[in-house]
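Asker: What follows is the residue order along each chain.
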Amino acid sequence: MYGWQLSDTLINHNLIASIGTLYPMLTRMRTQGLVSTYDEASDSGPVRKYYELTPSGIRVLSNFRSQWAPFAQTVHDIIGKEPENV
Amino acid sequence: MSEPRTTEIVHVYLADLRAALTGLPDDVSDGIISAVREELAGLSDTDASKRIRELGDPHFIAAEARDQEVPSLSALQQISEPAPWFDIIAALLVMVGGVVIPIIGAVAGVVMVWSSKSWTRTAKWITTLVPLALIALTAVAVTALSSYGAQSAAGPSQEARNPLLPVGFDFVTIGILVVLLAQLGLGIWLLFRLRRTRTPRTHEFTQ
Numbered sequence: 001m002y003g004w005q006l007s008d009t010l011i012n013h014n015l016i017a018s019i020g021t022l023y024p025m026l027t028r029m030r031t032q033g034l035v036s037t038y039d040e041a042s043d044s045g046p047v048r049k050y051y052e053l054t055p056s057g058i059r060v061l062s063n064f065r066s067q068w069a070p071f072a073q074t075v076h077d078i079i080g081k082e083p084e085n086v
Numbered sequence: 001m002s003e004p005r006t007t008e009i010v011h012v013y014l015a016d017l018r019a020a021l022t023g024l025p026d027d028v029s030d031g032i033i034s035a036v037r038e039e040l041a042g043l044s045d046t047d048a049s050k051r052i053r054e055l056g057d058p059h060f061i062a063a064e065a066r067d068q069e070v071p072s073l074s075a076l077q078q079i080s081e082p083a084p085w086f087d088i089i090a091a092l093l094v095m096v097g098g099v100v101i102p103i104i105g106a107v108a109g110v111v112m113v114w115s116s117k118s119w120t121r122t123a124k125w126i127t128t129l130v131p132l133a134l135i136a137l138t139a140v141a142v143t144a145l146s147s148y149g150a151q152s153a154a155g156p157s158q159e160a161r162n163p164l165l166p167v168g169f170d171f172v173t174i175g176i177l178v179v180l181l182a183q184l185g186l187g188i189w190l191l192f193r194l195r196r197t198r199t200p201r202t203h204e205f206t207q
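Chains as they are written, first to last, in our numbering: chain A, 1 to 86; chain B, 1 to 207.
Hints were generated in silico from the structure; no laboratory data involved. Be aware that one or more of the hints could be misleading.
[Stated by the list, open to error] If you anchor each label on the Cβ, the simulated ranges turn out as follows: (1) 71(A) - 26(B): 31 to 41 Å; (2) 79(A) - 192(B): 47 to 57 Å; (3) 44(B) - 49(A): 21 to 31 Å.
[Claimed, not checked] Simulated coverage check for chain B against chain A, where a stretch passes if three residues somewhere in it have a Cβ under 8 Å from a Cβ of chain A: (4) 33–46; (5) 55–62.
[What the hints assert, rightly or not] Taking beta-carbon pairs under 8 Å as the criterion, some of the chain B residues facing chain A (in silico): (6) 65; (7) 68; (8) 69.
Bear in mind that the values here come from a model prediction, so they are computed numbers and not experimental data. Where a beta carbon is used, it is the ideal one built from N, C-alpha and C, also for glycine.
Go ahead and model the full structure; you've got the sequences and the hints to work with.
Answerer: The structure is reproduced here in structure tokens:
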């Protein structure tokens, strides 16, 4: 995906507020070697910078996926329901 | 391939965005501007205006980017550390080291300033080059005056020297005084910069 697509997707899912939120994260991920970039011409003309996961990024994502479900379940168990005695 | 047409409204928006992103790391601001430019390139005024509305105020984008910036470990260490004696001694040596131990004292101060991380590279260059520039100016003045004196002495008129005009020796004395005063000023300036960079700003990271 290129930068705008990433930003648009995350904004539409209410995960970030603007494109300004995205780029510091992308820069950190690139510094950490989790994503890399390549340029590709688009049909409409401009050359776009595309982002893709590196092998290291894929490993981190896989690890995150395996931890996310139990983590989300734990959070839900703790704060997911209104306390009964209130 | 020719560049896609960019409308005036896009030019203005990109200029506003670039100005709003000032101060952020280059790779962050360049990434944002490139992505926005890519997306807006080739659009009509109407489409570009619609996209720009979706993007929002450049200042909001810049504020979001700043909120995401994590201060580096070195920046945090610099903020939390008190002013070290090493830096204070370095500034004092720059200030009066040349008086206590001529030349060596001042050189030691400059070397200590360069080995410290408390001052910017620009400040270090100023500390190094200002005294050297003053010494060079004095040398040029003395050389020019000596040359003028030699020409006058060799001339046919053999006129007496004007006592109101400074001779080379006066220039050396004045030059030394100016360099010492400059060293004094530079040392004070370094101490002020040290105080400013070391002032705790922890509130920025406790939110």
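Asker: If a hint holds in the structure, say so; if it does not, say that too.
Answerer: Here is how each hint holds up against the structure:
1. At roughly 35 Å, the beta carbons of residue 71(A) and residue 26(B) sit within the given window of 31 to 41 Å.
2. A beta carbon spacing of about 51 Å between residue 79(A) and residue 192(B) agrees with the range 47 to 57 Å that was offered as a hint.
3. Hint check: residue 44(B) to residue 49(A), Cβ distance near 23 Å, so the stated range 21 to 31 Å holds.
4. For the region 33–46 of chain B, the stated coverage by chain A is satisfied: 8 residues place a CB nearer than 8 Å to a CB of that chain, which reaches the threshold of 3.
5. Taking a C-beta to C-beta cut-off of 8 Å, the region 55–62 of chain B contributes 5 residues in contact with chain A, enough for the three needed, and the coverage statement holds.
6. The criterion of a C-beta within 8 Å of any C-beta in chain A is met by residue 65(B), whose closest approach is roughly 4 Å, and the hint holds.
7. With a least beta-carbon distance of about 4 Å to chain A, the hint placing residue 68(B) at the interface is held under the 8 Å criterion.
8. The closest approach between the C-beta of residue 69(B) and any C-beta of chain A is roughly 5 Å, which is under the 8 Å cut-off, so the hint is satisfied.
Violation of the numbered hints given earlier is absent; every hint is satisfied by the structure.
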